[in-house]
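Trainee: Got chain G; can you put chain U on it based on the hints?
These are the residues of each chain, in order.
Protein chains: 2
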Amino acid sequence: MDKRNVIIGQSGGPTAVINSSLYGIVFEAMEHSDRIGKTYGMVNGIEGFLEGRYLNFAEALPGGNLEFLKSTPGAYLGSCRYKLPDDLSDEVYPRLFEKFKELNIGYFFYIGGNDSMDTVSKLCRYARQIDSDIRFIGEPKTIDNDLVLTDHTPGYGSAARYVAQTVREITMDAYVYEKKSVTIVEIMGRHAGWLTAASVLARKYEGDNPLLIYLPEVDFDEGHFLAQVESALEDNINVIVCVSEGIHDSKGKFICEYDSNLGTDTFGHKMLAGCGKYLEKLVRDCLHVKARSVELNVNQRCSVSMISHTDQQEAIMAGRYGLQVALNKGITGKMISFVRCSDDPYVVACGLENVDEVCNRERHVPLEWITGEGTDISDDFITYALPLIQGAPMIPMGEDGLPAFADRKKRG
Amino acid sequence: MDKRNVIIGQSGGPTAVINSSLYGIVFEAMEHSDRIGKTYGMVNGIEGFLEGRYLNFAEALPGGNLEFLKSTPGAYLGSCRYKLPDDLSDEVYPRLFEKFKELNIGYFFYIGGNDSMDTVSKLCRYARQIDSDIRFIGEPKTIDNDLVLTDHTPGYGSAARYVAQTVREITMDAYVYEKKSVTIVEIMGRHAGWLTAASVLARKYEGDNPLLIYLPEVDFDEGHFLAQVESALEDNINVIVCVSEGIHDSKGKFICEYDSNLGTDTFGHKMLAGCGKYLEKLVRDCLHVKARSVELNVNQRCSVSMISHTDQQEAIMAGRYGLQVALNKGITGKMISFVRCSDDPYVVACGLENVDEVCNRERHVPLEWITGEGTDISDDFITYALPLIQGAPMIPMGEDGLPAFADRKKRG
Numbered sequence: 001m002d003k004r005n006v007i008i009g010q011s012g013g014p015t016a017v018i019n020s021s022l023y024g025i026v027f028e029a030m031e032h033s034d035r036i037g038k039t040y041g042m043v044n045g046i047e048g049f050l051e052g053r054y055l056n057f058a059e060a061l062p063g064g065n066l067e068f069l070k071s072t073p074g075a076y077l078g079s080c081r082y083k084l085p086d087d088l089s090d091e092v093y094p095r096l097f098e099k100f101k102e103l104n105i106g107y108f109f110y111i112g113g114n115d116s117m118d119t120v121s122k123l124c125r126y127a128r129q130i131d132s133d134i135r136f137i138g139e140p141k142t143i144d145n146d147l148v149l150t151d152h153t154p155g156y157g158s159a160a161r162y163v164a165q166t167v168r169e170i171t172m173d174a175y176v177y178e179k180k181s182v183t184i185v186e187i188m189g190r191h192a193g194w195l196t197a198a199s200v201l202a203r204k205y206e207g208d209n210p211l212l213i214y215l216p217e218v219d220f221d222e223g224h225f226l227a228q229v230e231s232a233l234e235d236n237i238n239v240i241v242c243v244s245e246g247i248h249d250s251k252g253k254f255i256c257e258y259d260s261n262l263g264t265d266t267f268g269h270k271m272l273a274g275c276g277k278y279l280e281k282l283v284r285d286c287l288h289v290k291a292r293s294v295e296l297n298v299n300q301r302c303s304v305s306m307i308s309h310t311d312q313q314e315a316i317m318a319g320r321y322g323l324q325v326a327l328n329k330g331i332t333g334k335m336i337s338f339v340r341c342s343d344d345p346y347v348v349a350c351g352l353e354n355v356d357e358v359c360n361r362e363r364h365v366p367l368e369w370i371t372g373e374g375t376d377i378s379d380d381f382i383t384y385a386l387p388l389i390q391g392a393p394m395i396p397m398g399e400d401g402l403p404a405f406a407d408r409k410k411r412g
Numbered sequence: 413m414d415k416r417n418v419i420i421g422q423s424g425g426p427t428a429v430i431n432s433s434l435y436g437i438v439f440e441a442m443e444h445s446d447r448i449g450k451t452y453g454m455v456n457g458i459e460g461f462l463e464g465r466y467l468n469f470a471e472a473l474p475g476g477n478l479e480f481l482k483s484t485p486g487a488y489l490g491s492c493r494y495k496l497p498d499d500l501s502d503e504v505y506p507r508l509f510e511k512f513k514e515l516n517i518g519y520f521f522y523i524g525g526n527d528s529m530d531t532v533s534k535l536c537r538y539a540r541q542i543d544s545d546i547r548f549i550g551e552p553k554t555i556d557n558d559l560v561l562t563d564h565t566p567g568y569g570s571a572a573r574y575v576a577q578t579v580r581e582i583t584m585d586a587y588v589y590e591k592k593s594v595t596i597v598e599i600m601g602r603h604a605g606w607l608t609a610a611s612v613l614a615r616k617y618e619g620d621n622p623l624l625i626y627l628p629e630v631d632f633d634e635g636h637f638l639a640q641v642e643s644a645l646e647d648n649i650n651v652i653v654c655v656s657e658g659i660h661d662s663k664g665k666f667i668c669e670y671d672s673n674l675g676t677d678t679f680g681h682k683m684l685a686g687c688g689k690y691l692e693k694l695v696r697d698c699l700h701v702k703a704r705s706v707e708l709n710v711n712q713r714c715s716v717s718m719i720s721h722t723d724q725q726e727a728i729m730a731g732r733y734g735l736q737v738a739l740n741k742g743i744t745g746k747m748i749s750f751v752r753c754s755d756d757p758y759v760v761a762c763g764l765e766n767v768d769e770v771c772n773r774e775r776h777v778p779l780e781w782i783t784g785e786g787t788d789i790s791d792d793f794i795t796y797a798l799p800l801i802q803g804a805p806m807i808p809m810g811e812d813g814l815p816a817f818a819d820r821k822k823r824g
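Top to bottom, those sequences are chains G and U. Mapping of the first sequence onto our numbering: position 338 corresponds to residue 338, and the numbering continues sequentially without gaps. Positions in the second sequence are counted from 1; adding 412 to them yields our numbering.
Each hint should be verified, as a subset may be incorrect.
[Claimed, not checked] Derived DEER-like restraints, expressed as beta-carbon distance ranges:
no.	chain 1	residue 1	chain 2	residue 2	range
1	U	Y758	G	C286	49 to 55 Å
2	U	C753	G	M394	29 to 35 Å
3	G	P85	U	I649	22 to 28 Å
4	U	Y670	G	G223	28 to 34 Å
5	G	K290	U	G464	21 to 27 Å
6	U	Q736	G	H224	52 to 58 Å
Simulated from the structure, these hints should not be mistaken for lab results. Every value quoted in this text rests on a predicted model; they were computed, and no experiment measured them. Even for Gly, the Cβ is constructed at its ideal location relative to N, Cα and C.
Just chain G, with the same shape it has in the complex (with noise of 0.2 Å):
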């Protein structure tokens, strides 16, 4: 029999370990060169391959440069925000399945979040209508952890230590003046406000920083929190807010819509960005005193300083696993979840999902984690969360003593 080949894809945003879970994959069909032949990268995702741009990762990581794609943030083989048609009798599928077949793909690979196990879900439907047997397996990817049916996702861990660990120094450095202070942290997070929650862990002992944390699953009150905040300030000479930008009033509306100018992303999402800065500027002319706000911005999801061993590892594990699925039992149309079989020790094992069960859904922070009226976060959620931030893997350092990553930019 002939050998197939694999092709493998990222889409969306870019996590710390997007490109730990493509080293699983490489390194796994690496490891079954018996059965595998070539091991392809499609450059900026679905879109690029229709625009003929892919790599083979033998050329592109020859030898032991494959280890770098585990510390390299943003996305090695570039990605794209590119939807597949709902019909599928439109052009571009018979246009995407004869490239398949020019390269002898056997087994298909998408790293990305909701809108990724879409385009997975769409490939392996029209596969069933032409009688395809290449295998398709979606890769769940996003620091908002907010993909169904699994406990966590790849790249949570790596963002909530980021968050943990910059709020636990930002209360430090807040700590400095005596002077009464609110400090605002925005953290990303649209719908979902996994990675604001995070923000507990940053606290060292009870009654630390942050004392208040506003998640998008709880509708947003100007008047509440101003007066949360002034009863803070009572007890607090410094008092540090996380606040998620996804932030919205009971009619829907962003707060940060309140004081932006607003687009939208090619899905249609609405781009947020400001509610920090809004609402440092309402503390600062209602209550009358010094604030500031720290937007957490991209650093959440490209800090290799702050990869999560716990998230690198699982990352490659969901990986590995995928191309084991699919090369030995021929699973198509799933993607990995992780299943937590234990919380102490902590233990995960990864499970298989009906990709059309996840696409296009959201999870959500459950509200029964969500305490103290809205502005604080329960035990439960740490006994979840903090498994998932531990560890500090090595960084391979460059002659500069900074890190030295796969950049496909460079060539030659």
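Mentor: Below, chain U without anything else, positioned relative to chain G:
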């Protein structure tokens, strides 16, 4: 002869290693317990001390707890922005020296920047007037690297490492999409561009980002800026631009003033924020290209993962040296400086400078190090700065897997 006591204060904005300087002084004082009695810390600098707030290190950080100072961000003792009166006949001076007498102070250390050296200078001059034998030593500290008469300042190396690594990470994040984009990174530095210049260290190869770097040493012109960005976009899909928060036009007006609500701090310095956001909007509106901005914010000065080992060790060295020269040579009225003996291998020694000549002056990036029509940084700067960001010290971790800090706020 009676043993005399030591007192130490911290002042101005914190850095990642201001507590390493503190550690150096306390450690060295304990090494000389035959000649030194107690080691006190002023809580919130000279301002808190005037209110009677101070601590005894033997009680606050007994035994091995002192070690945590080396990786604790913020200012352990708390800081202040209190300016002593210019008039040495003001009643505050006898009040202070009465307190020094009560505590049997023989050695006074103040860790800070320009404004703190002003405090040391005034106390030393007053001491001369009243024939006090207390020794006054200034310990340099600033991420801005703008103190005169020293090769560099403790705090700069770690902040520069943060800027270099973070800009390298942001670049990888930007490379993810193939759509033309401009990312503006706003870096601290009101009048001196040392920290913004460190962004040049982020380049992985010739022609890599950041492609444009703007320091406050050169007048900023919006027209030139737009033309330079447009030109960079011709050959590059993703353009990273690094700007100092303090860039200003030829009339001296800060660029952020064109867009922000401003206040002033207690020294009358303008509070800056937002030139990144302003330029982001300018690029989007004028060049019709995707634009985003990232304000590195306080993480530049409080990220312990980015502590440079060189910086940390030099901060400790400066602290120890200060205690040694005050105790053994009776030195007073001096700031500890760094004298570079060699670039390769990098060798630095401590020196002594007259605080009167340090305070209220600023050191800027030499204009000959600013190249490319004010948009690039020369190799001379790289030779200067690269040794300062080297090495990653061990950070002690707590049971929760996050850095364990020495936190004065938590008592008992």
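Trainee: Compare the structure with each hint and give your call.
Mentor: Consistency of the hints with the structure:
The supplied range of 49 to 55 Å is met by Y758(U) and C286(G), whose beta-carbon atoms lie about 51 Å from each other. One distance hint, 29 to 35 Å for the beta-carbon pair C753(U) and M394(G), holds here, with the actual separation near 33 Å. Range check, P85(G) to I649(U): Cβ separation about 26 Å, and the 22 to 28 Å hint holds. Distance hint check: the CB atoms of Y670(U) and G223(G) are about 33 Å apart, consistent with the given range 28 to 34 Å.
For the pair K290(G) and G464(U), the beta carbons lie near 24 Å from each other, so the given range of 21 to 27 Å is met. Separated by about 56 Å at the C-beta atoms, Q736(U) and H224(G) satisfy the suggested range of 52 to 58 Å.
Checked against the numbered hints listed earlier, the structure breaks none of them; every hint is satisfied.
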